[in-house]
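Chemist: Sequence:
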Amino acid sequence: MRRRLEDRIRELCGRAVSVPDDELGTIIKELQAALHEHNQKLRQLAVQKLGPDKVNRRSR
1 MRRRLEDRIR ELCGRAVSVP DDELGTIIKE LQAALHEHNQ KLRQLAVQKL GPDKVNRRSR
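Using our numbering, the letters of the sequence shown correspond one by one to residues 1 to 60.
Don't read these hints as lab results, they were simulated from the structure.
Careful: at least some of the hints might be erroneous.
Calculated pairs, EDC-like style, for lysine to aspartate or glutamate (alpha carbon to alpha carbon, straight line, at most 20 Å) [what the hints assert, rightly or not]:
| hint | residue 1 | residue 2 |
| --- | --- | --- |
| 1 | K41 | D7 |
| 2 | K41 | D53 |
| 3 | K49 | E11 |
| 4 | K41 | E23 |
| 5 | K29 | E11 |
| 6 | K49 | E37 |
| 7 | K41 | D21 |
| 8 | K29 | E6 |
| 9 | K29 | D7 |
Simulated DEER-style distance windows between Cβ atoms [to be verified]:
| hint | residue 1 | residue 2 | range |
| --- | --- | --- | --- |
| 10 | V47 | R4 | 20 to 30 Å |
| 11 | A46 | C13 | 19 to 29 Å |
| 12 | K54 | P20 | 43 to 53 Å |
C-beta: ideal position from N, C-alpha, C; glycine also.
Using the sequences and the hints given, assemble the complete structure.
Modeler: Structure (structure tokens):
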């Protein structure tokens, strides 16, 4: 069973501060991918809740 994405991000953050330097690059890449996925899910949720017109508007 797949863990929640937020749990995975927390785990990766914990590992990032405790792994040897030679493993840090791998952990950071995994963390970036998980954060990207989380961001995409938040964007989808915003579109569902607010509608695309309000979400796509950029403030200046």
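Chemist: Now, for every hint given, state plainly whether the structure supports it.
Modeler: Comparing the hints with the structure gives:
Of the supplied pair hints, the one linking K41 and D7 holds, its CA atoms being roughly 15 Å apart against a limit of 20 Å. Under the criterion of a C-alpha separation no larger than 20 Å, the hint pairing K41 with D53 is consistent with the structure, at around 18 Å. Only pairs whose Cα atoms come within 20 Å are accepted, and K49 paired with E11 is rejected, the gap being roughly 29 Å. Simply put, K41 and E23 have alpha-carbon atoms about 28 Å apart, too far for the 20 Å limit, and the pair is violated.
For the proposed pair K29 and E11, the alpha carbon gap of about 14 Å is at most 20 Å, so the pair holds. Annotation: proposed proximity of K49 to E37 holds, straight-line Cα distance about 19 Å (limit 20 Å). Using a Cα cut-off of 20 Å, the hinted pair K41 and D21 is violated, with the two alpha carbons roughly 31 Å apart. Pair hint K29 plus E6 holds up; C-alpha atoms about 16 Å apart against a cutoff of 20 Å.
Taking the CA atoms of K29 and D7, the gap is near 16 Å; set against the 20 Å cutoff, the hint holds. Taking the beta carbon of each, V47 and R4 are about 21 Å apart, inside 20 to 30 Å as hinted. For A46 and C13, the Cβ-Cβ distance of about 24 Å falls inside the hinted range of 19 to 29 Å, so the restraint holds. As the Cβ distance of K54 to P20 is approximately 46 Å, the hint placing it in 43 to 53 Å holds.
Violated hints, listed in ascending order, are 3, 4 and 7; each of the other numbered hints is respected by the structure.
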